[in-house]
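Here is what each chain is made of, one letter per residue.
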Amino acid sequence: MPNSSSTRTITEPQREIEVCREADVVVVGGGPGGIASALAAARSGADTVLVERYGHLGGMATGGLVTIIPNLSNINGEQQIAGICQELIDRLDTKDATHYPRKEDWGSADEQLVNYYVNANHFLFYIRDDLNTGKKRVLYTALVDPEMLKCELNTMMEEAGVTLYCHSWGTLPIVDGDTVKGVMIESKSGRQAMLAKVVIDSTGDGDLLLPAGAECDTELRPKTRIAALAFPFWIGNIDLKKYDDFRASRPDKHTEMSQELTNLGGAPFFLRDLVKYHDGVVWFHPFFPCLDQSDVKELNRVELAGRKKMLITYEFYRKHVPGFENSYIALSSPQLGTQGGKRVIGEYYMTVKDMVSDEIFDDTIAVFANNDTREISAQHPNICIPYRSLVPKKIDGLLVACRAFSSDYRIQEYFNLIPHCIAFGQAAGTAAAMAVEEGIQPRHVDHKALQQNLVKQGVIIPGIKEAV
Amino acid sequence: MKTIKEPARETKVIREADVVVVGGGPGGIGAAVSAARNGANTVLIERYGYLGGMGTGGLVTIIPLLTDYTGKQQIIGLTQEWIDRLIPRNAVDFPKKEHWGSMDKELVRYYFQRSFFMTRLDRVSYAAIIDAEISKVILNEMVEEAGIKTYCHAWGTEPIMEGNTCKGVIVESKSGRQAILGKVIIDSTGDGDLFPYAGIEFEDNIPPNFRIANLALCFWVDGVDLKKVNEFRQKNPKEFMELSRKAMESGGQGNFFASNLPDQGAVVWFHNRYPNKSQVDVEELTRVEFVGREVAIKTLDFYKKNMPGFEKSFLVLTGPQLGTRSSRRLIGEYKLTQKDLADNQPFEDTIAIFPDLDRGQESLDHPNMYIPYRSLLPKNVDNMFVACRAFSSDEHVQEWFNLIPHCIAFGEAAGTASAMALQAGVGIKNVDMKALQKQLASQGVPLPDITKKVEHKYTGPALTTPPFGQH
Numbered sequence: 001m002p003n004s005s006s007t008r009t010i011t012e013p014q015r016e017i018e019v020c021r022e023a024d025v026v027v028v029g030g031g032p033g034g035i036a037s038a039l040a041a042a043r044s045g046a047d048t049v050l051v052e053r054y055g056h057l058g059g060m061a062t063g064g065l066v067t068i069i070p071n072l073s074n075i076n077g078e079q080q081i082a083g084i085c086q087e088l089i090d091r092l093d094t095k096d097a098t099h100y101p102r103k104e105d106w107g108s109a110d111e112q113l114v115n116y117y118v119n120a121n122h123f124l125f126y127i128r129d130d131l132n133t134g135k136k137r138v139l140y141t142a143l144v145d146p147e148m149l150k151c152e153l154n155t156m157m158e159e160a161g162v163t164l165y166c167h168s169w170g171t172l173p174i175v176d177g178d179t180v181k182g183v184m185i186e187s188k189s190g191r192q193a194m195l196a197k198v199v200i201d202s203t204g205d206g207d208l209l210l211p212a213g214a215e216c217d218t219e220l221r222p223k224t225r226i227a228a229l230a231f232p233f234w235i236g237n238i239d240l241k242k243y244d245d246f247r248a249s250r251p252d253k254h255t256e257m258s259q260e261l262t263n264l265g266g267a268p269f270f271l272r273d274l275v276k277y278h279d280g281v282v283w284f285h286p287f288f289p290c291l292d293q294s295d296v297k298e299l300n301r302v303e304l305a306g307r308k309k310m311l312i313t314y315e316f317y318r319k320h321v322p323g324f325e326n327s328y329i330a331l332s333s334p335q336l337g338t339q340g341g342k343r344v345i346g347e348y349y350m351t352v353k354d355m356v357s358d359e360i361f362d363d364t365i366a367v368f369a370n371n372d373t374r375e376i377s378a379q380h381p382n383i384c385i386p387y388r389s390l391v392p393k394k395i396d397g398l399l400v401a402c403r404a405f406s407s408d409y410r411i412q413e414y415f416n417l418i419p420h421c422i423a424f425g426q427a428a429g430t431a432a433a434m435a436v437e438e439g440i441q442p443r444h445v446d447h448k449a450l451q452q453n454l455v456k457q458g459v460i461i462p463g464i465k466e467a468v
Numbered sequence: 001m002k003t004i005k006e007p008a009r010e011t012k013v014i015r016e017a018d019v020v021v022v023g024g025g026p027g028g029i030g031a032a033v034s035a036a037r038n039g040a041n042t043v044l045i046e047r048y049g050y051l052g053g054m055g056t057g058g059l060v061t062i063i064p065l066l067t068d069y070t071g072k073q074q075i076i077g078l079t080q081e082w083i084d085r086l087i088p089r090n091a092v093d094f095p096k097k098e099h100w101g102s103m104d105k106e107l108v109r110y111y112f113q114r115s116f117f118m119t120r121l122d123r124v125s126y127a128a129i130i131d132a133e134i135s136k137v138i139l140n141e142m143v144e145e146a147g148i149k150t151y152c153h154a155w156g157t158e159p160i161m162e163g164n165t166c167k168g169v170i171v172e173s174k175s176g177r178q179a180i181l182g183k184v185i186i187d188s189t190g191d192g193d194l195f196p197y198a199g200i201e202f203e204d205n206i207p208p209n210f211r212i213a214n215l216a217l218c219f220w221v222d223g224v225d226l227k228k229v230n231e232f233r234q235k236n237p238k239e240f241m242e243l244s245r246k247a248m249e250s251g252g253q254g255n256f257f258a259s260n261l262p263d264q265g266a267v268v269w270f271h272n273r274y275p276n277k278s279q280v281d282v283e284e285l286t287r288v289e290f291v292g293r294e295v296a297i298k299t300l301d302f303y304k305k306n307m308p309g310f311e312k313s314f315l316v317l318t319g320p321q322l323g324t325r326s327s328r329r330l331i332g333e334y335k336l337t338q339k340d341l342a343d344n345q346p347f348e349d350t351i352a353i354f355p356d357l358d359r360g361q362e363s364l365d366h367p368n369m370y371i372p373y374r375s376l377l378p379k380n381v382d383n384m385f386v387a388c389r390a391f392s393s394d395e396h397v398q399e400w401f402n403l404i405p406h407c408i409a410f411g412e413a414a415g416t417a418s419a420m421a422l423q424a425g426v427g428i429k430n431v432d433m434k435a436l437q438k439q440l441a442s443q444g445v446p447l448p449d450i451t452k453k454v455e456h457k458y459t460g461p462a463l464t465t466p467p468f469g470q471h
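Those protein sequences? They're chains A and B, same order as listed.
Here our numbering is used: the first residue of the first sequence is 1, the next is one more, and so on.
Here our numbering is used: the first residue of the second sequence is 1, the next is one more, and so on.
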């Protein structure tokens, strides 16, 4: 029987869709970008709705099992991202649900400390080579407990008075000419419409951009980190001491096993979970090359491949690796680990040039530590982000607060992480509320006033101090 | 009620198949695998990234009520295949076959301690406790082996209707809004999500004191020293009960059970019930996500502080899916009602037998429920099945027979019949029942002798334990 798809279409008739809500700001997507947008907008006085397809908030930080919030400081130990991101860490701290180096150790080259993180396999997240001094130094990076974070995010939303629609898929934007007026959602309640003065696309993949008529850059280069989907999973009930003893006493056997597992199609490399009480749990984050993370067929391909790889890995560890005899698969990620995709072409388009320009824009809304580009990082430890990279050209009523911000693929490669998206969200949410209050379009929000508001919220902006 | 106009549009068809199954939970798996294995070109659509519905993402992980009180296994087929595939992976626990139906007091006590689902009516009952993660893997294997085209991360929204015929469904995903066409469409959404758009008659009244009136958000706590917990419980039963009560007072849950799966020795499971206005109201679903998560945190906090053995525990997992129990119920070609619970003879079109174990004495008087093919058929649509808990039943029948193995059985019947109907070139309402039953039997589905009346009179010992589901 023929299986192939056709270029056939069907006609869906015109219809009336019930408006279930009218708000000031509707945020589509409850991941890092979305939660920050919603909190910032609501706290700034806007009537805010947050739409999320899953039952939980946090996106990659929770359901995606990424649980790593890195690069909060540059290699010198200077914190660059605070604001809502720091607030999350502070709240989790009171519940023993986060792990990070002490403040006095940020930027430290102490060998014992460096080795601690290297042995836990977190050297990609906590350790950097300082090309200026030739030493390895510790970054301010935080690991989080995803379940506690889900709970904490719920509490923060309730406190801020955000209206939540979980289990709701934000599908098409409602567009009138060049202005976005709202969004259609699909849920168990059926297809409904939400109207808004400002819509914030925090879908990660910029799902609203093309239907809204926004210009996008879709280039993704193969073999880059972001041209891959991840299928993370946790294995629990491990005797890590036994494993460590084995690894220390028989390093050759350990290497041989890792190779054997790779040959079998498994993923030999795991990270330790440094969060308190989690010492029986380890994390696997295998990657699968994928050039289009908005293609449902590709998502399916990786779901199948990922689960297969997980099983091969788990069964091998159970059978052969000391310490794993009584282990079990605690959890495969409830969400696929998505990383890269289209970006809006906004009022400012960030490129590699911005990594070396050291430009502090008039509309800087965040500063990111640039820790990952070796020689460039050694000379240029920070990069500023302008508000205009969240604003689509031509299209009104819409802001982008997720990894789909206005950037080329190189910039997205380095600055699409959880703390970055939180920063985009904090700026977009604040700006959206300001736009609504003044009855103007988001692109006309006063930059200086926006910066003042952000600094008051604890966001670090170079050269801007809170006005007295 | 304010509305806005959504203009007409052309929606791209991405696939045309024989059978399209909407929903990859137990019903959907049963339907898709059965259809595909019987030769139909089959598509399966699932909103989450994995299959299994309540059995996996819902963290229910219990497949109960497989034997009737005499110990005879009445649900086999694909349900047994799911269990069989878990056995070599050490990912399932169930009572030994030779013990099913036993009234031996020691045995019953032993199994009750392992899991209270393993005993019913003073007897050992065949119930399987399954590993959710390994189940997700074997379900993928089953659909791949059967050659089913699966679309995970895809929300089946509306059926495409042309008069009394359903032509397919509209699907929303990261790929956008698209259409999948089919000759037979199977609603395995659990909630009969296709009903309102297809004009299919349904009812949704649920008495608030029924089990099915509740949503759940299950969660697991790991890092528990169960030996310490059990010692404390045995030595200080009063204090243990008191702590459970205090846990509830502090806003948490008082009741948990040990996982009992191999290697989950430090894991305990919490299942719960949250009353709600409707399980197909997105605001209610969201509300329960919040309440459920709050209860999970309060429970963890309380137990960590107060219950010996929980000092180093942590919340390893809250359900990736809400635990849904019931919403819409089809009003179909035959509706099973309370009357059938008392006086149920095999129908001519019986497609499954469900052991009746949860109603105490009434179960002893009515050991099995017979399910007719017609309870899966909407009245006004020619080519659609309902293969999930939304099958045609009143609230009483729904209360007892909406579980995982039941839905798999609905799926097996619907999927097999779909393929046979297409091959014979007839409508699904005109499938040869004898041929269908013969085919189901060859697939391992136990069916009654429909030529004989069931004469049953319970003559065994009086019950000593209360029914599981007491109202």
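Source of the hints: derived by calculation from the structure; they are not laboratory data.
Don't be surprised by glycine CBs; every beta carbon is placed ideally from N, CA and C.
Treat the hints with care, as some may be off.
To be verified - With a straight-line cut-off of 25 Å between C-alpha atoms, the simulated SDA-like cross-links for lysine to any residue are: (1) Lys5(B) - Leu195(A); (2) Lys12(B) - Asp239(A); (3) Lys242(A) - Glu311(B); (4) Lys227(B) - Asp239(A); (5) Lys298(B) - Lys242(A); (6) Lys312(B) - His99(A); (7) Lys276(A) - Lys379(B); (8) Lys188(A) - Lys298(B).
Stated by the list, open to error - Covered by chain A, per the in silico footprint, the following chain B stretches (three or more residues, Cβ under 8 Å): (9) 101-111; (10) 199-210; (11) 355-366.
Hints versus structure:
1. Straight-line distance between C-alpha atoms of Lys5(B) and Leu195(A) comes to about 13 Å, which keeps the hinted pair within the 25 Å bound.
2. The suggested pairing of Lys12(B) with Asp239(A) is violated, with an alpha-carbon distance near 52 Å, which exceeds 25 Å.
3. Simply put, Lys242(A) and Glu311(B) have alpha-carbon atoms about 22 Å apart, close enough for the 25 Å limit, and the pair holds.
4. Restraint check for Lys227(B) and Asp239(A): the C-alpha separation of about 17 Å stays at or below 25 Å, so the hint holds.
5. Distance restraint check for Lys298(B) and Lys242(A): the Cα-Cα separation of roughly 34 Å exceeds the 25 Å cut-off, and the hinted pair is therefore not satisfied.
6. As the CA atoms of Lys312(B) and His99(A) are separated by approximately 16 Å, the hinted pair is consistent with the 25 Å bound.
7. Our distance criterion of 25 Å between C-alpha atoms is broken by Lys276(A) and Lys379(B), whose separation comes to about 57 Å.
8. Note on Lys188(A) and Lys298(B): the hinted pairing is violated, with a Cα-Cα distance of about 29 Å set against a maximum of 25 Å.
9. Counting residues of the stretch 101-111 of chain B whose beta carbon lies closer than 8 Å to any beta carbon of chain A gives 0, which falls short of the minimum of three for the stated coverage.
10. With 0 residues having a Cβ less than 8 Å from any Cβ of chain A, the stretch 199-210 of chain B misses the three-residue criterion, and the hint is violated.
11. Under the rule that three or more residues need a Cβ within less than 8 Å of chain A, the assignment of the stretch 355-366 of chain B is violated, with 0 such residues.
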